[in-house]
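Colleague: The chain contents come next:
Protein chains: 2
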Amino acid sequence: MKLYVIGIGPGGEEQMTLRAVRALEQCDCVAGYGLYLDLIDSLIQGKERIQTGMTREVDRCTAARDAALAGHTVAVISSGDAGIYGMAGLMFEVCESHPEIEIEVIPGITAASSGGAVLGAPLTNDFAVVSLSNLLTPWETIEKRLHAAAAGDFCLCLYNPASKRRTDHLQKACDILLSERAPETPCGIVRNIGREGEAFTLTTLGALRDTNVDMLTTVFIGNSQTKVINGHLVTPRGYHGV
Amino acid sequence: MKLYVIGIGPGGEEQMTLRAVRALEQCDCVAGYGLYLDLIDSLIQGKERIQTGMTREVDRCTAARDAALAGHTVAVISSGDAGIYGMAGLMFEVCESHPEIEIEVIPGITAASSGGAVLGAPLTNDFAVVSLSNLLTPWETIEKRLHAAAAGDFCLCLYNPASKRRTDHLQKACDILLSERAPETPCGIVRNIGREGEAFTLTTLGALRDTNVDMLTTVFIGNSQTKVINGHLVTPRGYHGV
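Residue numbers (UniProt numbering), protein chains in the order written: chain A, 1 to 242; chain B, 1 to 242.
Okay, chain A solo, but in the shape it has when bound (with noise of 0.2 Å):
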């Protein structure tokens, strides 16, 4: 029996890969938060879902489990990649005592590469990931992680950067970041990316700091080398002779 982690990417399925729409055809039961099975309706008439709210991940994907124990070829839908932040691992989890159950997991585009590709080329030197989020991860774990990209001179792509109920994370997350990088550094903010109402911002690490955002935003923050070039966030890679 084969279950598949399908990432859609930002969007609809303009930003799907072919792999990732062919696994969905495949599938008569699809399962995800109710969003993102908006965005890709086209490709799902007709089929079963699986539909719980955005913190019902575990019983989203326990459910997705059972379908497929009861015959079901089921398809498990994150925005992005799966992997990243995604369903992928929790289904792996809830299935550890059932091999059986053949998962795969199709790769998607994620916010690091689509809110990057928005505002220019901010990770085209080593980066590091973060989300702010501390629903899953102790903010004390979230704290050190940005002292250390901080140290390593990471550019830094942060996931989750604030919820109705988390406003100051992104403002802590600055002043860690401003005791090694510089208040000028250039920084990028796209909401909404690849949907409808698309919008992005250049600003500077100093800036952000007193900028509000919220969970439909990620946030880009440079290194030491990042510049703003005709309007677009880029860290060289270090090439000579440009």
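Because the hints were derived from the structure by calculation, they are not lab data.
Since copy identity is lost for identical chains, a pair holds within one copy or between any two.
Listed next, the in silico DSS-like pairs over lysine-lysine satisfying Cα-Cα at most 30 Å (straight line):
hint: 1; residue 1: K144; residue 2: K172
hint: 2; residue 1: K164; residue 2: K144
hint: 3; residue 1: K47; residue 2: K2
hint: 4; residue 1: K227; residue 2: K2
hint: 5; residue 1: K144; residue 2: K227
Fit chain B to the known structure of chain A by using the hints.
Modeller: Chain B only, in chain A's frame:
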């Protein structure tokens, strides 16, 4: 005038997004490393080609810019994602004095996503991406980043872990990580991701140190939570009640 920098993902057409395919259709001239152009040969029939060797990136991007200035609609092709160790950053640099060239970056599936999917879900929590090639980044900087990633308990994805001339970089990287992480830490390597001959191996950090890899390999190193579930490399994100 328009210039696209297109990430084609790990392999052929099936792993490109529809958006990337459509952008390529708009172009009458393509620039890229020969191996990558071969992967999408059926999509670029009849288009003019700017083809250079692996280490001639500046020449290739300059030629692509000049073709755009001469009136061509140009696609610069990167494997994986155009913005992650791809050509996007260099294209912005090369076009700095030609703001009349509108550069659109089309993201693709990078090896962190595609290789991670082959192994399971190693990057489900915070991670860092580091290239072990010191062609463009001083080795001291790479070592600094590896130390920082180790201190932050980041999962790690290593690009360019070796070449014919750099055979000991992975060993040095493992030694740095072993100063903070147990030799039993689960790791994985994937070779020829998404292409003919794709192969993967699960291993441990201690054994990885003495593993031979080449430039077609991507390496994944777990954090303190990473485990092997039914033959897959999985970093739990921290969901309760699984």
